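Peer 1: Heads up: the sequence lines are chains A and B, in that order. If you're matching positions, the first sequence starts at 1 in our numbering and goes up one per residue. If you're matching positions, the second sequence starts at 1 in our numbering and goes up one per residue.
Bear in mind the hints are in silico, worked out from the structure with no lab data behind them. Here the structure is a predicted model, which means the values were calculated and not measured. Do not take every clue at face value.
What the hints assert, rightly or not - Computed Cβ-Cβ distance ranges for the label pairs, DEER-style:
| no. | chain 1 | residue 1 | chain 2 | residue 2 | range |
| --- | --- | --- | --- | --- | --- |
| 1 | B | 3 | A | 336 | 30 to 38 Å |
| 2 | A | 91 | B | 58 | 36 to 44 Å |
| 3 | A | 441 | B | 126 | 30 to 38 Å |
| 4 | B | 94 | A | 372 | 50 to 58 Å |
| 5 | B | 78 | A | 233 | 26 to 34 Å |
| 6 | A | 100 | B | 18 | 36 to 44 Å |
| 7 | A | 196 | B | 78 | 18 to 26 Å |
| 8 | A | 311 | B | 3 | 55 to 63 Å |
| 9 | B | 5 | A | 440 | 46 to 54 Å |
| 10 | A | 501 | B | 134 | 39 to 47 Å |
| 11 | A | 311 | B | 53 | 51 to 59 Å |
| 12 | A | 336 | B | 134 | 45 to 53 Å |
| 13 | A | 501 | B | 15 | 21 to 29 Å |
| 14 | B | 61 | A | 99 | 44 to 52 Å |
What the hints assert, rightly or not - Stretches of chain A that chain B covers, calculated by requiring three or more beta carbons in the stretch to come under 8 Å of a beta carbon on chain B:
| no. | stretch |
| --- | --- |
| 15 | 410-424 |
| 16 | 431-438 |
| 17 | 485-499 |
Unchecked claim - From the derived model, a few chain B residues whose C-beta atoms are all more than 10 Å from chain A:
| no. | residue |
| --- | --- |
| 18 | 26 |
| 19 | 69 |
| 20 | 71 |
| 21 | 84 |
| 22 | 92 |
| 23 | 135 |
In this text, a Cβ means the ideal position worked out from N, Cα and C, and glycines have one as well.
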Amino acid sequence: MTFMPQRGKDRMPEIAIGIDLGTSNSCVAIRDGDATKVLANAYGERTTASVVFFQEGGSISVGNAARAGLVHDPARTIASAKRLIGRFFGSEEVKKAQSICSYKIAEGDNHGVVIEVGDEQFTLPEISAMVLREMKTVAEAQIGQPVSKAVITVPAYFNDNQRQATKDAGRIAGLEVLRILNEPTAAALSYGFGRGLRQRVAVWDLGGGTFDISVLEIGDDVFEVLATCGDTFLGGDDFDDRVIDLLADEFLSKHNIRLRHDPFALEKLKVAAEGAKKALSTEDEVEIRIPDVIAGPDGQPLSIERSLTIDEYSKLVHDLIQRTFGVCDAALSQAGVVARDLDGVILVGGPTRLPLIREAVGEYFQQEPRSDVDPDEVVAMGAAIHAASLVNPMRDDAFLLDVTPLSLRIGVAGGLAESVIERNTPVPIEQTRRFTTFKDYQESVDIRVYQGESRNVQENELLGQFIFSGFQKARRGDVSIDITFEINADGIVDVKAKDLSTGKQASTRITLSAGLSEGDIENIIESGRTERVVSSDTEKKPGEQLETRAGNLAQPDEMLGDLSASDEDLVLEGGILDEAVLDAGALGEEALDDGTLGEGTLDEEALDDGTLAQGSLDAATEIVSDLPPQPAVVVEPEIEPIEADPALRPIELDDLITDEIEIPPALMDDDLLPESDDLLELEGLEDVKLAPAAIEPPPGGKITAIDEDLTTTAPTIVEGEVEDLADDFFERPGTDLSANDDDETKA
Amino acid sequence: MAQLAPTEIAALAGILGELDYYQLLHLTADAKPSDIKRAYHATSRTFHPDVNRHQDPEIRRAIDEIAKRIAEAYSILRNPRRRKAYDQQIQTGSGVRMQLAEAEAAGSRKQTEAQGRTPQGRQYFNMASANLRQSDFANAVRNLQTAITFEPDNAFFKEQLAIARKKLDPNRR
Numbered sequence: 001m002t003f004m005p006q007r008g009k010d011r012m013p014e015i016a017i018g019i020d021l022g023t024s025n026s027c028v029a030i031r032d033g034d035a036t037k038v039l040a041n042a043y044g045e046r047t048t049a050s051v052v053f054f055q056e057g058g059s060i061s062v063g064n065a066a067r068a069g070l071v072h073d074p075a076r077t078i079a080s081a082k083r084l085i086g087r088f089f090g091s092e093e094v095k096k097a098q099s100i101c102s103y104k105i106a107e108g109d110n111h112g113v114v115i116e117v118g119d120e121q122f123t124l125p126e127i128s129a130m131v132l133r134e135m136k137t138v139a140e141a142q143i144g145q146p147v148s149k150a151v152i153t154v155p156a157y158f159n160d161n162q163r164q165a166t167k168d169a170g171r172i173a174g175l176e177v178l179r180i181l182n183e184p185t186a187a188a189l190s191y192g193f194g195r196g197l198r199q200r201v202a203v204w205d206l207g208g209g210t211f212d213i214s215v216l217e218i219g220d221d222v223f224e225v226l227a228t229c230g231d232t233f234l235g236g237d238d239f240d241d242r243v244i245d246l247l248a249d250e251f252l253s254k255h256n257i258r259l260r261h262d263p264f265a266l267e268k269l270k271v272a273a274e275g276a277k278k279a280l281s282t283e284d285e286v287e288i289r290i291p292d293v294i295a296g297p298d299g300q301p302l303s304i305e306r307s308l309t310i311d312e313y314s315k316l317v318h319d320l321i322q323r324t325f326g327v328c329d330a331a332l333s334q335a336g337v338v339a340r341d342l343d344g345v346i347l348v349g350g351p352t353r354l355p356l357i358r359e360a361v362g363e364y365f366q367q368e369p370r371s372d373v374d375p376d377e378v379v380a381m382g383a384a385i386h387a388a389s390l391v392n393p394m395r396d397d398a399f400l401l402d403v404t405p406l407s408l409r410i411g412v413a414g415g416l417a418e419s420v421i422e423r424n425t426p427v428p429i430e431q432t433r434r435f436t437t438f439k440d441y442q443e444s445v446d447i448r449v450y451q452g453e454s455r456n457v458q459e460n461e462l463l464g465q466f467i468f469s470g471f472q473k474a475r476r477g478d479v480s481i482d483i484t485f486e487i488n489a490d491g492i493v494d495v496k497a498k499d500l501s502t503g504k505q506a507s508t509r510i511t512l513s514a515g516l517s518e519g520d521i522e523n524i525i526e527s528g529r530t531e532r533v534v535s536s537d538t539e540k541k542p543g544e545q546l547e548t549r550a551g552n553l554a555q556p557d558e559m560l561g562d563l564s565a566s567d568e569d570l571v572l573e574g575g576i577l578d579e580a581v582l583d584a585g586a587l588g589e590e591a592l593d594d595g596t597l598g599e600g601t602l603d604e605e606a607l608d609d610g611t612l613a614q615g616s617l618d619a620a621t622e623i624v625s626d627l628p629p630q631p632a633v634v635v636e637p638e639i640e641p642i643e644a645d646p647a648l649r650p651i652e653l654d655d656l657i658t659d660e661i662e663i664p665p666a667l668m669d670d671d672l673l674p675e676s677d678d679l680l681e682l683e684g685l686e687d688v689k690l691a692p693a694a695i696e697p698p699p700g701g702k703i704t705a706i707d708e709d710l711t712t713t714a715p716t717i718v719e720g721e722v723e724d725l726a727d728d729f730f731e732r733p734g735t736d737l738s739a740n741d742d743d744e745t746k747a
Numbered sequence: 001m002a003q004l005a006p007t008e009i010a011a012l013a014g015i016l017g018e019l020d021y022y023q024l025l026h027l028t029a030d031a032k033p034s035d036i037k038r039a040y041h042a043t044s045r046t047f048h049p050d051v052n053r054h055q056d057p058e059i060r061r062a063i064d065e066i067a068k069r070i071a072e073a074y075s076i077l078r079n080p081r082r083r084k085a086y087d088q089q090i091q092t093g094s095g096v097r098m099q100l101a102e103a104e105a106a107g108s109r110k111q112t113e114a115q116g117r118t119p120q121g122r123q124y125f126n127m128a129s130a131n132l133r134q135s136d137f138a139n140a141v142r143n144l145q146t147a148i149t150f151e152p153d154n155a156f157f158k159e160q161l162a163i164a165r166k167k168l169d170p171n172r173r
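Please build the complete structure, drawing on both the sequences and the hints.
Peer 2: So, in structure tokens, the structure goes:
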């Protein structure tokens, strides 16, 4: 392999890995020369459960070993953290997670989310960092060298808050995050890399918690994303939820006991539902048996025994699958293609192993989805290919041109969110819009940045806000402020404001108020509080047999086969969930307590699939344990120098939420108006210069009627009508806000 | 496209504000959509941040600026409606950059602005039209100015205003 000389000297190849940080499972891969390979853990497992188990006593286990905690100690076992990362505590998704998760989700600083375990609290980036560190350790054990650089994938539809939080997680895990890469883009890269394809493909990606669809054009090793759409409320977990509902409802009518209210029972249902999904990927029927799901009124253990056919399952999840096609319609239309234009459909994510999904997707796209792509590994492999090309650019590198999945907006007068960069615009990109003040002698403007597809601010996700002040006081409309929005190649947003008359500037990394600050991240890294992992899949316990580890009863060769290795607990021959498995509580307990279940040695034959044999494993483990502590990689956000501005202060989310609820948005003091250049250019109009949409608050400043009016007349946005609506609203103030504007009109 | 030397990159970044999107992408004004796509790919290969990680930070900043402008150019030129609005803008010499939202608005604006898009704008424009018919140019100018305060970006109103002014004062430039 030849490396391109850079600036006259040959560079040593650097090591950089690709990590698919999944909702349910994570996977790590590396490109080594011409081969890209998934790195398995010490047990030969090629994916690692994104699960963190906080054991009593303070130690933490991560990965497949931690899965035992799900049924053993659900309140201390954190799964599906990706559903919560970068979210506000008050968001719908957090409410939903609270209803289905057995661990405690609490409100953290600035309306963020923390997870409470005993008397400790962890932020989501910290939880994800533990999983990422595990993946890093898996990689280091396999390649026998320290790893400090990675490309981490996220769902394409992740917003800025979620991307930033994921990047923070990488830093906490001791990784320099080279790029945040969209999962479907990574999958397409892995599929098309080095094959000289000229194709249009769709990537249909159903993860544990999210759905993404991307349409790409591949040609001459350029991978151009034409459009991406998604639904962050839809994933494989929702499929499992339907089965849980079915089982819980049946149990309720039979025994009058609500299983969902018992965390232990709920976790057993979850494991069963997930297992059923896996089994139905290969079988037409699965036998679900959950012995001792809960104790009955007389203390006798009650159990669930039921068979579930593929037809029944299909009915349960039918509408979920259909929902994805609505999203696909949008993506195809935005990409300007129809299904028959596509040369291939790539399926990503564990649930796509379900034949009923493959059939439905095939029907929608009028073609068989590709079957030569491993839906669990393709994303990590794409990330690895990209990671390698970033650190060691080579002639044959593929080249990614991605887009921003969500429209970037700014809040303006009237409770509206004005689009600045619309979705599916290529990144990196920068746009500048000119705004003016809303009131005479206004002293500051409140700059709020949103992502989403609605003209109504409340229906978008707030990314952050800052107050820009200190500009020349003048009549409304006489102040011109340029606001520059940048979206970088990671999909992360930066905003700068500049007062044109004074040249005064302010810039900020748009940070979710609930997100971690630079200081927070440094403190976390310093404290090492995410590094107490005692039980990880990278260290095989002496004498432990694969088959018996932590409730693991799967046959080793099955684990390495098609079925996702991390859910071995429930995957048994014939698609039958054996009751012994679901008795995992006891078994897992034993396994965890002494860590030395069973006798004998690692079944080396079972691990012939490119993984380590016993001897080399020990060596690798030793290398890892001898590693010097990873230097904390501090990546300063690249922002313009900020001029000292005592008046510029980050607004607490408190203020903001209060504002939004109690003060009609149209009447906020600090509102902005989009300014037209033309207004300034007009000649001879000095005497009548007024901002056309200016709405004067009446004396006392309370106009509840207007607020209601605004609420009820908030425009419903139909694709393609957005700008028209915008024009209407801003330039016809008398229509919606008649009471106040009549005066002005007459004047 | 070959990799550029740092001095060439700095030079290009320096004149970025003067290049229109066609010049930036090495295209002619009659470029076909496939040409535009190819040019976007080719220029991105040189300037995308992913291929420039190893450059010095200062050069990287210049490259980032160029890369962002390339994406902007592509976003405008690949969309026929936006491209049309942009072409008109550069023909009238009103700047080489066009913000995406402007280009979008320009596309949908055309249809409605001749009638006026606000009740007030329409009202004053109709009055101005009546004035013009009666050769009352002074009032036509005043009414058009008022109409423009309600629709400050209405190019049609502005054209009409220019006409009325010229009639009012033929010596005006």
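Peer 1: Give a verdict on every hint.
Peer 2: Now for the hints, and whether the structure bears them out:
1. B:3 x A:336: 30 to 38 Å: Distance hint for residue 3 (chain B), residue 336 (chain A) holds at roughly 32 Å.
2. A:91 x B:58: 36 to 44 Å: holds, 41 Å
3. A:441 x B:126: 30 to 38 Å: holds, 35 Å
4. B:94 x A:372: 50 to 58 Å: holds, 53 Å
5. B:78 x A:233: 26 to 34 Å: holds, 31 Å
6. A:100 x B:18: 36 to 44 Å: violated, 57 Å
7. A:196 x B:78: 18 to 26 Å: holds, 24 Å
8. A:311 x B:3: 55 to 63 Å: Given about 59 Å between the Cβ atoms, the range holds.
9. B:5 x A:440: 46 to 54 Å: holds, 53 Å
10. A:501 x B:134: 39 to 47 Å: Check passed, 42 Å falls within 39 to 47 Å.
11. A:311 x B:53: 51 to 59 Å: holds, 52 Å
12. A:336 x B:134: 45 to 53 Å: holds, 50 Å
13. A:501 x B:15: 21 to 29 Å: 27 Å Cβ-Cβ, so the 21 to 29 Å window holds.
14. B:61 x A:99: 44 to 52 Å: holds, 47 Å
15. 410-424: holds (count 5)
16. 431-438: Holds, because 3 residues of the stretch 431-438 of chain A bring their Cβ atoms closer than 8 Å to Cβ atoms of chain B.
17. 485-499: Answer holds; 3 residues pass the 8 Å Cβ test.
18. 26: holds, 17 Å
19. 69: Answer for residue 69 (chain B): violated, closest chain A Cβ roughly 8 Å.
20. 71: violated, 4 Å
21. 84: holds, 15 Å
22. 92: holds, 13 Å
23. 135: holds, 20 Å
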